[in-house]
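Engineer: Chain by chain, the residues:
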Amino acid sequence: DTAVSQTPKYLVTQMGNDKSIKCEQNLGHDTMYWYKQDSKKFLKIMFSYNNKELIINETVPNRFSPKSPDKAHLNLHINSLELGDSAVYFCASSQDIRLRTDTQYFGPGTRLTVL
Amino acid sequence: KNEVEQSPQNLTAQEGEFITINCSYSVGISALHWLQQHPGGGIVSLFMLSSGKKKHGRLIATINIQEKHSSLHITASHPRDSAVYICAVGSGIQGAQKLVFGQGTRLTINP
Chain A
1 DTAVSQTPKY LVTQMGNDKS IKCEQNLGHD TMYWYKQDSK KFLKIMFSYN NKELIINETV
61 PNRFSPKSPD KAHLNLHINS LELGDSAVYF CASSQDIRLR TDTQYFGPGT RLTVL
Chain B
1001 KNEVEQSPQN LTAQEGEFIT INCSYSVGIS ALHWLQQHPG GGIVSLFMLS SGKKKHGRLI
1061 ATINIQEKHS SLHITASHPR DSAVYICAVG SGIQGAQKLV FGQGTRLTIN P
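As you go down the protein sequences, you meet chains A and B in turn.
In terms of this note's numbering, the first sequence opens at residue 1 and continues consecutively.
In terms of this note's numbering, the second sequence opens at residue 1001 and continues consecutively.
These are calculated hints, taken from the structure and not from any lab test.
Errors might be hidden in some of the hints.
[Stated by the list, open to error] The following label-pair restraints were derived from C-beta to C-beta distances:
#: 1; chain 1: B; residue 1: V1044; chain 2: A; residue 2: E53; range: 26 to 32 Å
#: 2; chain 1: A; residue 1: S80; chain 2: B; residue 2: G1057; range: 45 to 51 Å
#: 3; chain 1: A; residue 1: R98; chain 2: B; residue 2: I1065; range: 19 to 25 Å
#: 4; chain 1: A; residue 1: S80; chain 2: B; residue 2: N1022; range: 38 to 44 Å
#: 5; chain 1: B; residue 1: Q1066; chain 2: A; residue 2: T113; range: 40 to 46 Å
[Claimed, not checked] 25 Å max Cα-Cα, derived DSS-like pairs, lysine-lysine:
#: 6; chain 1: B; residue 1: K1098; chain 2: A; residue 2: K36
#: 7; chain 1: A; residue 1: K41; chain 2: B; residue 2: K1098
#: 8; chain 1: A; residue 1: K71; chain 2: A; residue 2: K40
#: 9; chain 1: A; residue 1: K41; chain 2: A; residue 2: K22
#: 10; chain 1: B; residue 1: K1098; chain 2: A; residue 2: K44
#: 11; chain 1: B; residue 1: K1098; chain 2: A; residue 2: K71
#: 12; chain 1: A; residue 1: K9; chain 2: A; residue 2: K67
#: 13; chain 1: A; residue 1: K44; chain 2: A; residue 2: K71
#: 14; chain 1: B; residue 1: K1068; chain 2: A; residue 2: K41
#: 15; chain 1: A; residue 1: K67; chain 2: B; residue 2: K1098
Cβ coordinates follow ideal geometry from the N, Cα and C atoms, glycine included.
Produce the entire structure from the sequences given, and follow the hints as far as they go.
Structural biologist: Right, here's the structure in full:
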């Protein structure tokens, strides 16, 4: 049973297209995250939702829009894709972002390549 | 300068050697996390600590809050320990903890 799953695993698309990445967790956690890992393997948080409410919104272009239909799902929609969006996107979940000591569980990642 | 700095960036060692990876941070933290990223890309949380020391199998993590420094040690290293090890600090924003990551240490253990 996969704890945090993402689809698709690989995504290759043309500049200017709109695409979505889906994330689901079956751990019963309240908080979910999206991270971007660049070509140098550096991870950075993009968004965090707690119980469907946006908690963290880093300086991410408006072309990126997270959607949380329920607390088990956090999808990432990207409009007008650019070359610089090419990266690995990781979804993660944790029990509750407000806890000082809160372990995060990561999905397998989605490798996005924009041509 | 990154808020979380790891050293070394790359480390190659022989099987059986004792490994140490260091992490220094400059922000106030609620907890420090050590993560392992496998060659296949998956990320696993190894430790979360806010004081002292934790041990799990051959892995030991320590933290010195006053010096803002943590170390990850691997005893009797094995080729399967080859991975990228990432230090991350939990930093509070209005009650919400977000992780700030180091740049990672790529560890290669040769047989």
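Engineer: Determine for every hint whether it applies to the structure shown.
Structural biologist: Status of each hint after checking the structure:
no., hint, in the structure
1, V1044/B x E53/A: 26 to 32 Å, "28 Å, holds"
2, S80/A x G1057/B: 45 to 51 Å, "47 Å, holds"
3, R98/A x I1065/B: 19 to 25 Å, "21 Å, holds"
4, S80/A x N1022/B: 38 to 44 Å, "41 Å, holds"
5, Q1066/B x T113/A: 40 to 46 Å, "45 Å, holds"
6, K1098/B x K36/A, "14 Å, holds"
7, K41/A x K1098/B, "18 Å, holds"
8, K71/A x K40/A, "31 Å, violated"
9, K41/A x K22/A, "21 Å, holds"
10, K1098/B x K44/A, "10 Å, holds"
11, K1098/B x K71/A, "18 Å, holds"
12, K9/A x K67/A, "19 Å, holds"
13, K44/A x K71/A, "22 Å, holds"
14, K1068/B x K41/A, "23 Å, holds"
15, K67/A x K1098/B, "19 Å, holds"
Of the numbered hints stated above, the single one contradicted by the structure is hint 8.
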